[in-house]
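Protein chains in written order, with this note's numbering: chain A, 45 to 515; chain B, 29 to 527; chain C, 46 to 147.
One or more of the hints may lead you astray.
Said to hold, decoys possible - Anything over 10 Å on all C-beta distances counts as not near chain A; from chain B, calculated:
id, residue
1, His57
2, Ala129
3, Arg139
4, Leu172
5, Arg191
6, Ser201
7, Ala202
8, Leu239
9, Ala304
10, Gln329
To be verified - Derived CB-CB ranges, DEER-like:
id, chain 1, residue 1, chain 2, residue 2, range
11, A, Pro245, C, Ala120, 27 to 33 Å
12, C, Thr113, A, Ile88, 28 to 34 Å
13, B, Lys184, A, Thr69, 52 to 58 Å
14, B, Lys184, A, Pro245, 55 to 61 Å
15, B, Lys391, A, Ala502, 47 to 53 Å
To be verified - Listed below are the simulated DSS-like cross-link pairs for lysine-lysine, each with C-alpha atoms no more than 30 Å apart in a straight line:
id, chain 1, residue 1, chain 2, residue 2
16, B, Lys185, B, Lys391
17, B, Lys184, A, Lys480
18, B, Lys391, A, Lys480
FYI, nobody ran anything at the bench for these hints, they're computed from the structure.
Even for Gly, the Cβ is constructed at its ideal location relative to N, Cα and C.
Chain by chain, the residues run as shown.
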Amino acid sequence: MSAGIAPWLLAAPVALPLGAGLLMTLLVRGRSLLTLVAGTGVLIAVLLLLDVPVGTRLELAVGGWPAPLGIRWHLDLLAIVFLTSTAVIALAVALFAALHLSRSEPAIARHFWAPLLFVWAALNALFLSADVFNLYVTLELLTLAAVMLVTLENNQPAFDGAMRYLLVALAGSTLYLLGVALFYHATGTLDLVLAAGAVPPAALALMTVGLMAKGALFPLHAWLPPAHAAAPAPGSALLSALVVKAAFYILLRLWLESAPNHDAGRILLGLCGTGAVIWGSLLALTQARLKLVLAYSTVAQLGYLLLVFPLAQGAWTGTAFAGGVWLAVSHGLAKAAMFLAAGLVMYTLGHDRIAELRGLARHAPLTLFTFGIAGVTLMGLPPSGGFVAKWLLLTAAFGSGQWPWALVLMGGGLLAAVYTFRIIGAGFGEGPIERKPPRAPQWIALALAGLALLAGVAAELPLLQLQEAAP
Amino acid sequence: MSLEALLPLAILASSLVPGLLIVFLDERHRRTRTWLNMIGATLKVLLVVGALVGVYHGIEYQAVIPMIPDYPLLLRLDPLALLFVSLSAVLWLLTTIYAIAYLEGSPHRSRFFGFFSVCVSATVGIAMAANLFTLFFFYELLTLSTYPLVIHRETKKSLHAGRIYLTYVLSGSAVLLGAIVWLHSLAGPFEFAVSGGALDHVDPRHRPALLVIFLLMVGSFGVKAALVPMHHWLPVAMVAPAPVSALLHAVAVVKAGAFGIARTIYDVFGSELSHALGGTQVLAVVAGVTIIYGSLRALQQDDLKRRLAYSTVSQISYIILGLSLPGPLATIGALVHLVHQGIMKITLFFAAGNLAETLHLHKVSELDGVGWRMPWTMSAFTVAAFGMMSVPPLAGFISEWFLGLGALNGGAPWALGVLLVSSLLNAAYFLPVIYRAWFRSRSNPWHENLPRHRWETHTWLLIPPVITALLVIVLGLFANGLWSPLTWVRIIAEQEYPT
Amino acid sequence: MTGVEVPLIYVVTGIFIFLRGLYALFARPHLLHKLVAGNLAASGVFLVIAWSPQGGPPDPVAQALVLTGIVVSVAVTAYAAALLARLEQTSGKPYLEHDPDR
């Protein structure tokens, strides 16, 4: 890979989906095809970028304008991991929607593609950003596109959920922006790495609270379940698997690269994570609708991610970092699979009430199996990526003497098992179905879940690299 | 990849690959499924024979699959592993034959046989594990792959049994994971040590923590091994079809729990440290209580499978008792009982399955005169039952003999008392069954469930129990032979207690 | 051009406006009021960004930040207003439902 091509490759993950998204306004037919083509292009570009040796920082000044006025993109290991997993999930969701959405929800199928592409472009731009203001802009773009996804169903719960989301996001981004202002005035720069150590606690706190609101991190999580449940299934998959991770990504960079020494704040984040795990899991147990169970499960799993912050200290930074990143990736795969499967459940049975899921095992066994396989990741059982992540986080917890977090990890896995098997158990027995589920989309959902399941087996090399590349 | 690395992986793959293929097979492809199953099972037995020969000649088989930095999947065929692998392979082959006939005509067979095979893969993975990470990895895989088997019939009772099963087992696994990672935080990454323990390098200041870890580990293994008070799931799980009960109780789940305890005591902590910490004393008492409790509860059951389930609760604790007593004799008794009990119990469950499937008989009180209607089945049952009662020269007698000697040798005569009481109780709950079957006669005609066969029932339902019953006799008579489990176990004990 | 001074009072005012707007965003039930409040809060933040200690040359970065922020704010407001209109069309009133389906 010559050094000349690589920086231009950096532009592809953003330019391709953005361009395709803009073209959607011109196209009437062939939207899904264009999306798939653009998506494949992104995947290829990302895979080529994987070739870049670890430790090199690729940079691209967009439009040739240098920093600090221009936008600067850079690629390191954390970015490429998120770029790759996002590409796989987004492409799978796009493929699922291309095969299935026009049949299951014909009224909205045409309108799905632009938001998907904008979400993807915004995420990629976010992962490539190197300074706090770029992160703000890309986060805003992401929010707008994500809200679009929520509104797709065109009904009261959709608009309500979308409005709630938008307002919380508005508050969150304003808080974040104020934090950026303080950040800039105190450190004189917007760059995360250059400002390391000089970030005032007030700025950090404001930015964190803003990000917690946007990322549905307990206790600012209330907007997520109605929004994710009201969106169409592929939309919910994108929202729960990808969009919420953006805030976590920024928090990671912020706390680990710029502000490494705020122990009390990290413990506070860990406590919020604990709250998320307990509250989210308990609420997931009591929901009557499948999509709400999955949404509250996301709240709980995001709580695990918050545990990375108190654990990533001293000698254990690398271990906790690798565990957290791998958890984010595995959860994305598993949750996307589960939401796609939930969409198939709605298509097959006509509803998603858990009390009446009987008949799934008989008529849609692949779908039920998908829930099981994806659930293995949520529970943190071998050989899944969730297990490997849990092992690493537990190692960091015991190694650094912070064993209370270990209890949270272990307890959370058990709670996840309860709500997962509640779904699976409900699927047995005889029951009526409205339609037969289609084969190919079922296999796509199962494939995503299978990837999450196997994410533990092939993990040594990326984990090793992540451990060493921890900021 | 060298042959030494290939063989453990091949043993694993011989059931894993067919299993995964079968899970996705359509129900209609009966013949493909049967072929896949039988080829896999036969291949596994052949591979195991090859491994036995190789290990006898001193070859070391080891396979490494990297997973987490510092914690790879490590598979090794040491003598203890081979013991468990051989048991699993042979009994899997027999149970597969049995299950094909038993489940004739029932739905979801692809799901059943697929997960059945994955379950056996998990079991041999547990056997071959050479570090705690690998052991835990396959231990949990066993949990996941047995769930679909327990709920196979999909009735309310089956689903309820599945929930109970998962509650117990997953709680155990959460504790186990915590204990393992805690141990590694104190001791760093390590492999199982064939003689002595792997923890000699740990600072003596951590002794109290090590004791807690020891108890947590054997406790969580004890959930699958049905130690009181964590045994409740086992009788409840009897709603599963007979091949599942046979597999769960003779080979997979309960033995995996006992095996985990064996590895913990011998290859992680080492017998010296285990006894010095004091954990084994606690374990021995719990095992003793379980032995008596299980036998007492067995007496109370009229349902045959539940009686056998409680008998298993009791019998597995014989193994655990032997593991927790010091000295090589107790070890020999425990490990050889692992094999012998497996073979005896599977015979009993095969027989119980035959009675249920052929004549719709589930309760002991219904068994009057059945010996004359199904002589082969009940003969097998009788032989195995006498084995359980430790009647010489059957296999059960051999293991009890060594357990008793080990109790005396290890300075725990009370354990010998427990064993003797339990033998009496065994007689108390098995003899009535035998008496009813042979010496009472039935008034009403039999409720024939299956079409008439040439023999008393489907041939493939008869062959496995007859073979295993013969094994019960042979392994007892020829216990001192070159290829007997007893000889093999002696080798293991010699490695653990080098003098 | 000599130095530009944006004195501290602007920052204090900005923070005050921000807090007032944020409070109104949550407290007021009418959606349009919420929207305007959000804009207000953003304006307060822009004032804080624009702070420049006396005597320094004009800071292009701060200007770029504020301009970009205004553009983003306009886009979000426009979108929110459209969503608000649709919401009112569907539900009949410009308020959020208090209990989303549980």
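We went through each hint and held it up to the structure:
no.	hint	in the structure
1	His57	holds (15 Å)
2	Ala129	holds (25 Å)
3	Arg139	violated (8 Å)
4	Leu172	violated (6 Å)
5	Arg191	violated (7 Å)
6	Ser201	violated (8 Å)
7	Ala202	violated (4 Å)
8	Leu239	holds (17 Å)
9	Ala304	holds (23 Å)
10	Gln329	holds (27 Å)
11	Pro245/A <-> Ala120/C: 27 to 33 Å	holds (31 Å)
12	Thr113/C <-> Ile88/A: 28 to 34 Å	holds (32 Å)
13	Lys184/B <-> Thr69/A: 52 to 58 Å	holds (55 Å)
14	Lys184/B <-> Pro245/A: 55 to 61 Å	holds (57 Å)
15	Lys391/B <-> Ala502/A: 47 to 53 Å	holds (52 Å)
16	Lys185/B <-> Lys391/B	holds (18 Å)
17	Lys184/B <-> Lys480/A	holds (25 Å)
18	Lys391/B <-> Lys480/A	violated (43 Å)
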